[in-house]
Amino acid sequence: MEMKGKDLICTQDWSLEELEQTLRVAHDMKKNRYADKYTDLLKHRTFLMFFYNPSVRTRQSFEAAATELGGHAQFLEPKSMRLKTKHSAGETIEDAANVMSRYAVGLGIRILEDKIAAYGDGDRLLREYAQYATIPIVNMADDRFHPCQGLADIMGLQQRLGTNLKRKKLLMVWGQGALARSWGSIQENLLISSRFGMDVSLAYPEGYDLDPEVIEMTKANCKTSGSSFNITNDLVEGYHGADVVYSRNWMSPAAYASGEFDKAGEVKKAMQIDGWTCNEEKMKLTNDGLYIHPMPVDRGNEVTDAVASGERSIIVDVAENRLHVQKAVMGLTMSDQRIVL
Amino acid sequence: MEMKGKDLICTQDWSLEELEQTLRVAHDMKKNRYADKYTDLLKHRTFLMFFYNPSVRTRQSFEAAATELGGHAQFLEPKSMRLKTKHSAGETIEDAANVMSRYAVGLGIRILEDKIAAYGDGDRLLREYAQYATIPIVNMADDRFHPCQGLADIMGLQQRLGTNLKRKKLLMVWGQGALARSWGSIQENLLISSRFGMDVSLAYPEGYDLDPEVIEMTKANCKTSGSSFNITNDLVEGYHGADVVYSRNWMSPAAYASGEFDKAGEVKKAMQIDGWTCNEEKMKLTNDGLYIHPMPVDRGNEVTDAVASGERSIIVDVAENRLHVQKAVMGLTMSDQRIVL
Amino acid sequence: MEMKGKDLICTQDWSLEELEQTLRVAHDMKKNRYADKYTDLLKHRTFLMFFYNPSVRTRQSFEAAATELGGHAQFLEPKSMRLKTKHSAGETIEDAANVMSRYAVGLGIRILEDKIAAYGDGDRLLREYAQYATIPIVNMADDRFHPCQGLADIMGLQQRLGTNLKRKKLLMVWGQGALARSWGSIQENLLISSRFGMDVSLAYPEGYDLDPEVIEMTKANCKTSGSSFNITNDLVEGYHGADVVYSRNWMSPAAYASGEFDKAGEVKKAMQIDGWTCNEEKMKLTNDGLYIHPMPVDRGNEVTDAVASGERSIIVDVAENRLHVQKAVMGLTMSDQRIVL
Chain V
19 MEMKGKDLIC
29 TQDWSLEELE
39 QTLRVAHDMK
49 KNRYADKYTD
59 LLKHRTFLMF
69 FYNPSVRTRQ
79 SFEAAATELG
89 GHAQFLEPKS
99 MRLKTKHSAG
109 ETIEDAANVM
119 SRYAVGLGIR
129 ILEDKIAAYG
139 DGDRLLREYA
149 QYATIPIVNM
159 ADDRFHPCQG
169 LADIMGLQQR
179 LGTNLKRKKL
189 LMVWGQGALA
199 RSWGSIQENL
209 LISSRFGMDV
219 SLAYPEGYDL
229 DPEVIEMTKA
239 NCKTSGSSFN
249 ITNDLVEGYH
259 GADVVYSRNW
269 MSPAAYASGE
279 FDKAGEVKKA
289 MQIDGWTCNE
299 EKMKLTNDGL
309 YIHPMPVDRG
319 NEVTDAVASG
329 ERSIIVDVAE
339 NRLHVQKAVM
349 GLTMSDQRIV
359 L
Chain H
19 MEMKGKDLIC
29 TQDWSLEELE
39 QTLRVAHDMK
49 KNRYADKYTD
59 LLKHRTFLMF
69 FYNPSVRTRQ
79 SFEAAATELG
89 GHAQFLEPKS
99 MRLKTKHSAG
109 ETIEDAANVM
119 SRYAVGLGIR
129 ILEDKIAAYG
139 DGDRLLREYA
149 QYATIPIVNM
159 ADDRFHPCQG
169 LADIMGLQQR
179 LGTNLKRKKL
189 LMVWGQGALA
199 RSWGSIQENL
209 LISSRFGMDV
219 SLAYPEGYDL
229 DPEVIEMTKA
239 NCKTSGSSFN
249 ITNDLVEGYH
259 GADVVYSRNW
269 MSPAAYASGE
279 FDKAGEVKKA
289 MQIDGWTCNE
299 EKMKLTNDGL
309 YIHPMPVDRG
319 NEVTDAVASG
329 ERSIIVDVAE
339 NRLHVQKAVM
349 GLTMSDQRIV
359 L
Chain L
19 MEMKGKDLIC
29 TQDWSLEELE
39 QTLRVAHDMK
49 KNRYADKYTD
59 LLKHRTFLMF
69 FYNPSVRTRQ
79 SFEAAATELG
89 GHAQFLEPKS
99 MRLKTKHSAG
109 ETIEDAANVM
119 SRYAVGLGIR
129 ILEDKIAAYG
139 DGDRLLREYA
149 QYATIPIVNM
159 ADDRFHPCQG
169 LADIMGLQQR
179 LGTNLKRKKL
189 LMVWGQGALA
199 RSWGSIQENL
209 LISSRFGMDV
219 SLAYPEGYDL
229 DPEVIEMTKA
239 NCKTSGSSFN
249 ITNDLVEGYH
259 GADVVYSRNW
269 MSPAAYASGE
279 FDKAGEVKKA
289 MQIDGWTCNE
299 EKMKLTNDGL
309 YIHPMPVDRG
319 NEVTDAVASG
329 ERSIIVDVAE
339 NRLHVQKAVM
349 GLTMSDQRIV
359 L
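Residue numbers (the numbering used here), protein chains in the order written: chain V, 19 to 359; chain H, 19 to 359; chain L, 19 to 359.
One chain only, chain V, in its complex shape (with noise of 0.2 Å):
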């Protein structure tokens, strides 16, 4: 299977087959974490990270794969970048991507909700650096979609559940929170989620709807794996026989529109939501579900500490993978050498 040069800005524009075989070499760089065959995938070779909005994870896990490949990951910020916006003068994507294109083997982008105007800018501005740069784009979190931790999500669960996800139940819940969450991480796990065969439970209050068509797709995604698919307000419902929880925060979409959004206002609405809070109680309808999160956690709003740091937690876990899943990502699509697992 030929990936080299395939952008990665959502998980649904690869195919089933493409993102299993990135699953197993994941699996074996975390096994073989140093191993020779692998250090050298990137030698010498520059990966530029451009941060929109900063991060924790994604910058950490991503300079540590590009130093783990043997290669280099620049830390990029837009202020030292002059390029052109609607109110200055300055670079077209389409110079800085050519430009970029000749410096680097690979190009890694993160852009959230409150660095543009409104919903889509984001994703869009990365699909129109893919199109100048003739290196492969990254994304590492846009406001639709996170591919990099959607996979990470996956791997977690087939540490627990094994290979095959099949038909194993995940709740996607709402969870009250301060921090006014993206939808990135929601929508992509959804979407992956159902392409590996999950039932999906959609659980969330009244007014909290996500992107219609990424539902759309997701439900396309189930009919095509032979798994199911529902929305429910009904948390014992929904909780019921599931073989994942995942509880995280979302902004509603009034909020999430645009991109000067009343963040205030946000988190003192989802405050006075009651109940949604994932805790032992609510675990016990489960079947010994996992709890997973893609941190950072907010914890006793989101989740409660005995879930989160419990045995079913696998919260680490998956940060962890998203070092193993970039690194694999990025030695199928950028490196020279061919992964023989």
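Since the hints were derived computationally from the structure, they do not count as laboratory data.
Given that identical chains are not distinguished, each listed pair holds provided it fits within a single copy or across any two copies.
Straight-line C-alpha distance at most 20 Å; calculated EDC-like pairs for lysine to aspartate or glutamate:
#, residue 1, residue 2
1, K49, D354
2, K49, D335
3, K97, D132
4, K286, D227
Got chain V; can you put chains H and L on it based on the hints?
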């Protein structure tokens, strides 16, 4: 030819033989980008990049250069340096340079017109570092000069016109622009083009004189290399028969003399001068001329899209060359190993 | 001696044998700076540097250290960490430390007096990270201690006075200064000098007492190692017969107790105290004493140029030693490989 330990503050400080050797190495480094003979030149060594001003190309290309030579470039900003200034206590340049010489094999510095009190101060600062440091100082652009850009320009011309540039006609022409640009790239190009024997034509509107000392040096270079130099206000004469057109905005000397210039006023003034945008019509007057520019390009002002993205534009190649010439400079001046072509 | 996995928050936490072994390795690493036995110790590994406060020497020397050991140091700032604070939701130290332990082989943290609520909080924060992290925590300077500086000091003294420092007289003396300095370097030096058997004389003007607990520990160290300790206000007595003079400004305990101290007031007060600048006249009282200081030096206040740049000044050597001792600490505590001298 022994170049170990040499500073590079302006190409004028180097002999023509040293510049030619650097370019030979740069061409070979492009051809054999990741060859073993080059990837160990700075193995495990540190190159410090000290940015008084942020940058696009410069940071990306220097950091990639260090990586490709097996070393690592550290990104330093003055806010974290606690240096002594007129207004605050802190470390002297003597102390900073002495200690950096113990940690690193080379030090790049970038300081432009808005970070200094008066024209020339930036260049003087670099020379003060060079006085105290026992490692090579590389100019990553100052208010007067930009030697790595100059070398990349010549490399780009050699790629299209052959190694021998003698008597090829260069038109250096002022362009409209919304960015109020520095003189460094322009002045460096005048100096190095004339060293390599090009006929230099300089064209600009009234009120946009450059540094008289640099103009005198350019004239002297032309005399030494048997080429011609002229300044003209007649654009038709300038474009006529040119082998290369370098069209770029630069600030007026009145504004550029002080670090506290009125940028908005300068842009406004520049935008009111008509007819100085490089376009296809003007390019038809040339000898099938190449278009060159150090990027970022202010498209629509300095040059039209048709010219900047046309067949005869070498701007992206020149941007790529930054990487190669900087690798050559670093390899020749900072490595313990001898480069054999 | 097995040191893998050890935190280094204060030299007092390590046995004398461990400190001596670290210094033996550091001396050898200086002698064989890029030798193969050292350049693979952290090959392809990541060291995280988390700077609550910016730094000069610390960042340069730690990043160079990781590079010279074959690894890579990531530069992290708290603005990008989204950590939980009193005023904002965010990630707990438990979660951050757990995940960083998955990506990296070591974590350095720097936090000074202006980023905390009360004296001791910085040091406590490091110990909280150490509690949760499964990788070594290295103190890159906190409000109480600066172990790598202390080790670099001792290495510098050994280079001039020999390995055995027993009964050599150290004068630690307060200096005028415009920078209102932290206590970390000073207190660490008192602790490690007394561990290595030096006679310690501490001299300062009224109102500049240091942490009483550190003074008690220093006294106890002197007792254990059979050396003497005294505090004096008499400068002639202090300088008389000193083998080493460490002259540096530090803040008064009133100011230093809180993170919201009046820096300008503190500087003003310090500048009004006359006679505490280290100069050639005072140095004539010593036993041909060495001058030591952790840099950056406030020349003219803490010490005259003649002394700081004189033959007996070891300040640049000590700054260089930061690199070597940090490489030794990282190699000994973070590498899978065993160091053989």
